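Asks: One line per chain: the protein sequences are A and B, in this order.
With UniProt numbering as the guide, the letters of the first sequence map in order to residues 1 to 278.
With UniProt numbering as the guide, the letters of the second sequence map in order to residues 1 to 278.
The hints are all genuine.
No copy is singled out in the list; a pair is fine if it fits within one copy or between any two copies.
Listed next, the in silico SDA-like pairs over lysine to any residue satisfying Cα-Cα at most 25 angstroms (straight line):
no., residue 1, residue 2
1, K256, E198
2, K40, T14
3, K276, E198
4, K202, E127
5, K65, P205
6, K103, E127
7, K65, L208
8, K183, D204
9, K65, D196
10, K12, E222
11, K188, V273
12, K65, G101
13, K255, R98
14, K255, E127
15, K199, R264
16, K278, E212
17, K65, D195
18, K255, G83
19, K202, D55
20, K24, G187
21, K65, K103
22, K65, R98
23, K202, D53
24, K278, G187
25, K103, A121
26, K243, L52
27, K103, V129
28, K65, K199
29, K188, Y200
Bear in mind the hints are in silico, worked out from the structure with no lab data behind them.
Note that the coordinates shown come from a computational prediction; the quantities given were computed from them, not determined experimentally.
Protein chains: 2
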Amino acid sequence: MPAPTLPKSVSKFTVSQPGDKNFKLAAIDPADKPCSSGGKTDDRVIVDQLALDLDVLQNRFWADKRFKLLVVLQGVDTSGKDGTLRHVFGRMTPLGVRTAGWKAPTEAERAHDFLWRIHQAVPAAGELVLFNRSHYEDVLVPVVAGTLDDEAVDERLAQINDFERMLSQTGTVILKFMLHISKKEQGKRLQQRLDDPEKYWKFDPADLQAREKWDAYQAIYERAIRATGTPWAPWVIVPADSKTHRNLMIATVLKKAMESLGLRFPPLPEELVGVKVK
Amino acid sequence: MPAPTLPKSVSKFTVSQPGDKNFKLAAIDPADKPCSSGGKTDDRVIVDQLALDLDVLQNRFWADKRFKLLVVLQGVDTSGKDGTLRHVFGRMTPLGVRTAGWKAPTEAERAHDFLWRIHQAVPAAGELVLFNRSHYEDVLVPVVAGTLDDEAVDERLAQINDFERMLSQTGTVILKFMLHISKKEQGKRLQQRLDDPEKYWKFDPADLQAREKWDAYQAIYERAIRATGTPWAPWVIVPADSKTHRNLMIATVLKKAMESLGLRFPPLPEELVGVKVK
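Work out the full structure, taking the sequences as your base and the hints as a guide.
Replies: Below, the structure is given as structure tokens:
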């Protein structure tokens with residue numbers, strides 16, 4: 001069961017024991033920069049280098065085929081999920097890398113259990129799959145909407161733990177990132193989407209409604225993270241008011257986790273040694 | 001029906017009229033470099049710049065959402081499909097970009113028509129899907145194996161034309177690239193896979209068997225391209241003995257095709273103009 005190895009520098013931001021009552025989301029400052037080297041320019045250069053390192057690691061991961069890698073990106077609207085995909089994963093070849101974005105379930109999807117559509121999208125051997133939102137939305141959204149009672153929430157969170165344990169036991173490395181921004185920063189970013197013609201398309205009026213329920217979302221995020229931070233699928237809370245720091249932290253964690261797998265190019269089968277092509 | 005616009009420089013390498021009896025695969029020299037600026041180093045710099053341009057275009061394509069884009073990469077083993085994905089598409093964000101690799105159909109897939117699995121993987125609005133091999137394998141392989149008779153081949157090729165026409169009529173821009181290498185170049189590349197520990201994993205003994213049927217593959221490629229080069233889904237034959245030139249030609253064609261779509265960021269809906277975020 002490949003439990004991911006995380007860098008020591010992020011231990012204060014990691015939740016990996018289910019039922020961790022000590023974890024308080026509000027205790028983490030969205031403006032904190034635990035992985036920063038100091039300057040923003042330096043950090044950007046480091047992110048660019050890390051993105052190249054991750055490309056090399058992913059190429060080896062794809063060749064190796066012993067593991068699967070699932071990266072979950074969660075966070076409120078404008079928290080930087082798309083930006084992370086661009087800056088952390090943008091140097092990888094689209095070979096063995098796939099993004100799955102999750103919107104409100106369709107009627108056909110709602111006719112199944114909430115993990116049904118998720119299961120179809122998990123990575124195969126050698127694949128890296130990036131979840132842009134995830135099965136956690138099926139806890140967050142109905143809880144805030146008031147359509148899932150307390151007992152049902154606990155049941156669903158336990159089902160998630162069982163599901164993720166099974167994925168891990170069958171070879172999937174799971175890393176979950178919660179992109180943590182302040183309400184003020186979100187206000188700024190939503191306004192930018194309304195003001196910048198190249199960002200209009202990203203603006204969804206529903207985001208304003210979700211913003212009105214900010215506290216409710218923070219509360220259920222905390223509860224869900226407490227319940228589902230496990231050794232086999234830890235949560236990393238990423239202070240994300242700084243986009244550069246957000247990228248830096250995620251890339252740093254991912255690099256460490258991938259390096260610790262001891263990836264290798266598979267050897268040549270014995271019967272092929274010495275073969276000459278005619 | 002968005003028929004792709006192609007650069008004039010590749011017109012001699014394009015098949016876009018079905019039943020084009022003039023097209024002869026053997027008449028195209030795999031070592032030719034119609035898009036080259038002269039030097040290999042210069043060409044590499046241009047490819048890197050084109051890859052960045054394509055990233056910008058793809059980002060806009062994803063925002064625009066009026067079109068779908070399907071890129072088919074075909075070619076014999078070692079012709080450079082993976083390398084194309086890396087060098088031409090490697091600068092794109094994995095957001096709205098997806099690769100679908102096609103292997104021999106599974107038992108469940110064989111229980112359906114040959115386009116069944118293909119249809120499930122075509123791009124949605126705004127998406128760019130890269131077919132690493134494609135439905136054309138379902139003509140090439142059985143013909144060389146002798147399990148598909150002449151009439152059945154014609155029927156299948158006509159079905160492909162109908163299928164691609166429907167995709168085009170419903171908003172899909174289709175570009176098909178045949179990566180054309182010489183038998184000698186393939187021998188060299190296969191040997192490299194046997195000699196380089198970082199390439200062992202790419203070697204498949206079945207590639208040697210396919211190589212023995214080189215002429216049969218070239219013949220059916222020619223027939224398939226003649227029958228399925230259409231205005232709505234043209235074939236571009238890419239001389240691919242030079243990897244740099246291959247990348248250059250594909251990136252050049254793709255850039256022209258994407259630019260000619262008049263992509264734009266969608267406007268802000270009227271009811272959102274002037275809204276201030278609280």
